[in-house]
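The chain contents come next:
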Amino acid sequence: MVVKLGVPSKGRLMEKTFEWFSERGVTLSRAGSEREYSGAVEGIEGVELVLLSASEIPRELAAGRIHMGVTGSDLVRDKLASWDSKVIELAPMGFGHADLIIAVPKAWVDVDTLDDLDAAAAAFRARHGFRLRIATKYHHLIREFLKQNGVADYQLVDSQGATEGTVKNLTAEAVADITTTGETLRANHLKILNCDPVHRSQATLFKSRMAHWTDDTRATLVTLKDMLGLGD
Amino acid sequence: MARIEITKAAIKAEAARLKAFFEAQGALPVEMDILLPAEVLLDLYGEDIRARAYMTQDPERGEMMLRPDFTVPVVQEHMSNGAEPARYTYAGEVFRKQEDMPTRANEYVQVGYEVFDGSDPAAADAEVFAHFANVLSDSGLHAATGDIGILKAAVAGLKTTERRREALLRHIWRPRRFRALMTRFSEAGTTLRLQNLERVRANLAQPEAPFIGLRTQTEIDTRIKALEEDAAEPPISASEIELLDDILSLKETLPHVLSQLRDITVDLPAISEAVSLLSRRSEALAKRGVDVENLDFEASYGRTSMEYYDGFVFGFYAEGRPDLPPVATGGRYDALTSVLGQGRSIPAVGGVIRPNVLLSLKGGA
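Sequence order for the protein chains is A and B. Heads up: the first sequence at position 183 corresponds to 182 in numbering that gives the first Met the number 0, and the numbers run straight through without jumps. Heads up: the second sequence at position 231 corresponds to 230 in numbering that gives the first Met the number 0, and the numbers run straight through without jumps.
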């Protein structure tokens with residue numbers, strides 16, 4: 000039995016993950032051609048690299064099909080119900096930082112806080128006959144956050160990309176999305192609400208609670224955690 | 000404690016027994032669709048229901064929802080085809096995602112009893128509660144009761160602006176925001192209200208941003224005006240805030256609560272009608288053999304879980320079993336009928352029992 004380690008299959012997230020492991024003596028690499036989604040691991044025995052889309056890693060961890068995985072802490076929290084019963088955070092990795100925020104048109108001079116958003120939503124619903132729409136792909140996190148803060152009269156509409164454009168396109172009144180610099184939001188005449196982010200996300204190494212662990216894989220995990228500098 | 004396997008057949012038999020009991024009380028048995036159009040439910044309950052209900056897509060009818068409760072379809076059916084007064088009973092599956100409590104069933108049977116009879120609301124409330132108490136009497140359950148109408152009346156009677164009263168009424172079912180609003184409108188919130196206004200003025204002084212989206216300039220102007228007026232408005236008096244707090248913290252047996260509410264009525268006459276309804280309900284309950292002297296009453300009961308219950312509310316619980324959902328819950332939902340009826344409102348009160356929970360108690364657990 001080998002320990003299966005899921006890592007994002009492309010882009011900066013993959014490169015940064017490879018770097019993070021290599022700084023700790025574990026060399027991850029993509030096998031064969033650029034297009035082949037399999038990898039090689041050097042520096043430790045008994046670990047297999049599985050290259051996956053970052054958005055699929057939470058599901059694979061929860062299903063126990065991989066033992067460990069690297070993905071954004073936002074994705075794990077949004078996609079897995081009771082996430083902490085299914086995975087354990089082993090290490091925040093210090094890159095891939097992004098905040099999940101709620102933003103409204105900058106022209107809304109009367110809206111800066113969640114209080115304001117709630118009041119605006121009530122008036123909006125009364126006037127337009129439907130709930131104020133917030134475009135997002137983070138349904139679970141945003142819903143929980145707004146519920147905790149007692150915001151009513153809104154609805155979430157699904158947006159899997161180009162979320163910042165939804166207000167201009169009249170398919171939403173506000174957005175909830177991941178941002179690092181806020182540049183795209185500003186370019187689309189949106190401003191971030193004046194409150195703590197819904198979630199501060201970063202790339203994180205997770206361990207699955209659902210995967211099958213044997214004496215062999217447990218021993219491998221101990222060695223790996225040692226190399227990565229993660230005490231128990 | 001060994002988990003007792005309760006078969007679907009046993010649950011169905013128990014549901015049939017409960018339904019037969021309600022039929023014997025004069026209720027008409029009704030059947031409802033399992034697959035419901037999602038739009039009405041989503042508009043009514045918002046995102047909360049999306050998190051709890053199973054959605055699916057129909058190529059012809061659009062978004063559909065697996066029945067998350069019977070209340071809405073029963074009200075709709077009654078409003079389009081029923082004649083007053085009416086009493087209904089039903090039994091069938093409801094479907095709820097259990098993200099927060101994954102061990103709870105996501106598919107379970109509810110048996111309900113609903114009364115549409117405006118002739119004597121206190122009597123109708125008592126009738127529903129008494130039937131539930133009777134059919135559940137040998138299970139040793141604890142009954143909790145409340146009345147959201149008292150709090151609503153207290154808010155409606157505050158000596159402040161219509162806008163503040165409306166804001167508070169809107170958040171009756173969200174205690175945290177209700178509390179935040181109480182603070183903002185009180186003496187303690189005066190600075191906050193001024194700050195809000197200054198913030199908006201600072202935004203106005205900034206270079207104008209292009210106007211995007213459906214929310215109009217008129218809506219923004221209206222809100223700015225509202226903030227200006229609110230900042231200039233005197234706070235809700237400390238004594239009225241205190242009275243609200245007194246009401247919110249009432250938790251005793253019904254006769255004690257009634258006597259305290261009568262005291263509060265002296266300073267807050269606006270609740271006198273709601274208190275008199277509570278008093279008439281108490282008499283009606285006693286007349287039906289309910290042990291009113293020992294009936295618990297909590298003014299805040301039902302505020303978090305039951306939006307649209309706007310009067311009498313009740314629940315039956317297995318004591319010492321916080322792992323179990325309530326065996327039965329119910330209440331008055333005139334507000335819901337008025338939303339569904341687009342202005343036409345029908346006085347309505349009812350409740351549901353979960354036969355599987357009832358059986359798990361009877362199984363000697």
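In case anyone wonders, no lab produced these hints; they're calculated from the structure. Each hint should be verified, as a subset may be incorrect.
[Stated by the list, open to error] Some chain A residues judged to face chain B by a derived CB distance under 8 Å, without partners named:
| # | residue |
| --- | --- |
| 1 | G45 |
| 2 | K78 |
| 3 | A119 |
| 4 | Y153 |
| 5 | Q154 |
| 6 | V156 |
| 7 | G160 |
| 8 | L169 |
| 9 | D225 |
| 10 | L227 |
| 11 | G228 |
[As the list claims (entries may be wrong)] Cross-link-like lysine to aspartate or glutamate pairs, in silico, DMTMM-like; alpha carbons within 20 Å at most:
| # | chain 1 | residue 1 | chain 2 | residue 2 |
| --- | --- | --- | --- | --- |
| 12 | A | K190 | B | D47 |
| 13 | B | K96 | A | D115 |
| 14 | B | K224 | A | E143 |
| 15 | A | K85 | B | D244 |
| 16 | A | K167 | A | E143 |
| 17 | A | K136 | B | E197 |
| 18 | A | K78 | B | D47 |
| 19 | A | K146 | B | D42 |
Cβ atoms here follow ideal geometry from the backbone N, Cα and C, with glycine treated the same way.
Going through the hints against the structure:
no.: 1; hint: G45; verdict: violated (32 Å)
no.: 2; hint: K78; verdict: violated (12 Å)
no.: 3; hint: A119; verdict: holds (7 Å)
no.: 4; hint: Y153; verdict: holds (7 Å)
no.: 5; hint: Q154; verdict: holds (6 Å)
no.: 6; hint: V156; verdict: violated (11 Å)
no.: 7; hint: G160; verdict: violated (19 Å)
no.: 8; hint: L169; verdict: holds (6 Å)
no.: 9; hint: D225; verdict: violated (34 Å)
no.: 10; hint: L227; verdict: violated (31 Å)
no.: 11; hint: G228; verdict: violated (34 Å)
no.: 12; hint: K190/A x D47/B; verdict: violated (26 Å)
no.: 13; hint: K96/B x D115/A; verdict: violated (31 Å)
no.: 14; hint: K224/B x E143/A; verdict: violated (31 Å)
no.: 15; hint: K85/A x D244/B; verdict: violated (42 Å)
no.: 16; hint: K167/A x E143/A; verdict: violated (26 Å)
no.: 17; hint: K136/A x E197/B; verdict: violated (34 Å)
no.: 18; hint: K78/A x D47/B; verdict: holds (17 Å)
no.: 19; hint: K146/A x D42/B; verdict: holds (16 Å)
The structure is inconsistent with the numbered hints 1, 2, 6, 7, 9, 10, 11, 12, 13, 14, 15, 16, 17, although it conforms to all the rest.
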